[in-house]
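As you go down the protein sequences, you meet chains A and B in turn.
Numbered by my numbering, the letters in the first sequence go through residues 1 to 217 in order.
Numbered by my numbering, the letters in the second sequence go through residues 1 to 202 in order.
Hints listed in this document are in silico derivations from the structure and should not be mistaken for laboratory results.
It is possible that some hints are incorrect.
[Unchecked claim] Simulated pairs of lysine to any residue, SDA-like, Cα-Cα distance not exceeding 20 angstroms:
#1 Lys3(A) <-> Asp162(A)
#2 Lys107(B) <-> Cys34(A)
#3 Lys3(A) <-> Cys34(A)
#4 Lys86(B) <-> Arg42(A)
#5 Lys78(B) <-> Thr73(A)
#6 Lys107(B) <-> Arg42(A)
#7 Lys107(B) <-> Ala16(A)
#8 Lys78(B) <-> Thr91(B)
#9 Lys192(B) <-> Ile161(B)
#10 Lys106(A) <-> Gly62(B)
#11 Lys106(A) <-> Ser20(A)
#12 Lys86(B) <-> Lys106(A)
#13 Lys86(B) <-> Gln36(A)
#14 Lys106(A) <-> Asp103(B)
#15 Lys86(B) <-> Glu47(A)
#16 Lys106(A) <-> Leu166(B)
A quick note: this is a predicted structure, and the numbers were derived from the prediction, not measured.
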Amino acid sequence: MIKHHPSSTLIAAHAAGELSTALSSAISAHCELCDQCQQLRRDAESELAFAIFAEPATPASTTMFAELCHNITELPTAAAEVAQTSRYVCINNHNYRLPNALQHAKLQPWQRFGPISRMRFELEQTDGVRMSLLHMAAGGQIPHHTHQGQEFTLVLAGSFADEDGHYQQGDIILRNGQHQHSPQSDEGCLCLTVVDAPLHFTKGLSQVLNLFGQSLY
Amino acid sequence: MSIRTGHSMTSNNHVEPQQQQWLNQLLQRVASNQDKAAFAELFDWFAPKILAYGQQRLRSHGLARDLLQETMTSVWTKAHLYHADKGQVITWVFTVMRNQCFDMLRKVQHNREDCLGDDIWPLIDSREAVSDQLSNNEQIKQMMKYLGNLSSQQQQVVQGIYLRELTHQQLAQELGLPEGTVKSRLRLALAKLRSFMEKHHD
Ligand SMILES: [Zn+2]
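Please build the complete structure, drawing on both the sequences and the hints.
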């Protein structure tokens with residue numbers, strides 16, 4: 001049962017196509033797992049469609065349009081079969097199917113940091129937004145840290161817990177600079193993370209991690 | 001959810017139910033009979049609105065026109081993916097247009113050539129559609145065998161995109177053609193290849 005959802009504002013912006021690729025992908029991956037938010041997105045799309053297409057029509061049938069329209073109908077319709085792909089990532093001998101939103105996004109190889117492995121997506125640079133797959137092996141933990149920007153975490157498989165709660169497949173969690181947390185996972189988990197600034201470690205020796213903490217998410 | 005807010009009814013965003021039904025019938029005719037007259041009516045109804053949306057989001061006449069071309073091409077070629085029970089025609093056309101516009105913006109603003117819009121907002125319900133990627137690759141290989149049957153112009157674009165792996169933009173520059181022409185030439189070439197294959201399979 002999914003307990004943590006994106007805000008309705010975020011879903012509306014997602015439906016309008018106004019979010020970064022990274023955030024759009026994360027919200028999309030949540031909707032794929034969450035019927036409730038999928039319905040909210042459909043409602044938002046319908047509202048947008050009515051807003052855009054209810055404008056009174058000024059006739060467009062100039063010669064240019066007639067030609068464009070004609071050329072399109074010369075195209076055979078059979079050419080447009082939609083291929084549904086299934087893309088997997090493999091970590092610790094386990095294959096995970098990636099959400100629809102991530103079927104073609106470019107991925108870098110896994111990088112390991114002890115029990116944590118990270119795969120970063122190669123996306124356009126929009127205000128330092130980064131998207132990664134983060135895998136925590138069973139019993140893994142990320143040292144205490146805060147976030148200098150916002151961090152969205154979507155659980156794709158498995159579960160993890162932090163000081164505030166326990167999160168399962170489909171849950172999407174937003175963290176910001178005020179939050180200090182140290183997630184850990186007993187059974188292991190695969191998450192999709194979107195951060196717009198590097199994370200910052202706060203406790204003891206783990207502060208040393210700040211030196212290369214830039215690279216974790 | 002039983003309380004109706006009446007939100008969308010009180011605004012000006014109103015498309016008459018008869019009009020919705022009319023649009024629905026037109027799209028069904030396109031989907032089941034490739035009805036060109038029905039498509040022309042849809043085109044006339046949507047074109048100025050798509051242009052206005054494109055102009056606003058992409059801030060360019062040329063790009064708005066590209067958006068119109070790409071969106072209505074998808075409406076023509078993917079009409080069979082529309083299901084009336086999933087929502088209104090205008091909502092479906094909106095999603096097609098938004099996905100296309102999303103990729104165009106990424107291209108204009110960040111120089112990205114990859115298309116992610118239809119992955120982020122799939123036009124089909126993934127729980128319904130199953131297709132084998134392997135057999136798809138196999139089909140492409142076979143298509144290449146029939147390449148010689150195409151006109152030299154068509155071979156040029158297929159080779160440029162699939163063998164030399166140029167982007168549409170690179171190939172258009174090389175050939176001194178508008179990108180839209182390269183795309184439509186490619187689509188026609190692929191369709192022709194497919195028909196060759198089907199003949200040889202039957
Ligand atoms: Zn949800």
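> Given the hint that Lys78(B) pairs with Thr73(A), does the C-alpha gap stay at or below 20 angstroms?
Replying inline: holds, 12 angstroms
> Lys86(B) and Gln36(A): Cα distance at most 20 angstroms?
Replying inline: Status holds; Cα separation ~15 angstroms.
> If you draw a straight line from the CA of Lys106(A) to the CA of Asp103(B), is it 20 angstroms or shorter?
Replying inline: Holds - the C-alpha atoms of Asp103(B) and Lys106(A) are around 15 angstroms apart, at most 20 angstroms.
> Under the criterion that the straight-line Cα-Cα distance not exceed 20 angstroms, is the pair Lys3(A), Asp162(A) satisfied?
Replying inline: holds, 15 angstroms
> Is it true that the CA of Lys107(B) sits at most 20 angstroms from the CA of Ala16(A)?
Replying inline: holds, 18 angstroms
>> Lys3(A) and Cys34(A) were given as a pair; does the straight-line alpha-carbon distance stay at or below 20 angstroms?
In response: holds, 10 angstroms
> Does the structure keep Lys107(B) and Cys34(A) at a Cα separation of 20 angstroms or less?
Replying inline: Given pair Lys107(B), Cys34(A) is violated - Cα atoms ~30 angstroms apart, limit 20 angstroms.
> Is it true that the CA of Lys106(A) sits at most 20 angstroms from the CA of Leu166(B)?
Replying inline: Status holds; Cα separation ~17 angstroms.
> Quick one, are Lys86(B) and Glu47(A) close enough, alpha carbons at most 20 angstroms?
Replying inline: This hinted pair holds, its Cα atoms lying about 14 angstroms apart.
>> With the threshold set at 20 angstroms, check whether the alpha-carbon distance from Lys107(B) to Arg42(A) stays at or below it.
In response: violated, 26 angstroms
> Are the Cα positions of Lys86(B) and Arg42(A) separated by 20 angstroms at most?
Replying inline: Given that 20 angstroms is the threshold and the Cα spacing comes to 9 angstroms, the pair holds.
> Is it true that the CA of Lys78(B) sits at most 20 angstroms from the CA of Thr91(B)?
Replying inline: Satisfied, since the Cα-Cα distance of roughly 14 angstroms is no more than 20 angstroms.
When held up to the earlier numbered hints, the structure conflicts with 2, 6, 10, 12 and fits the remainder.
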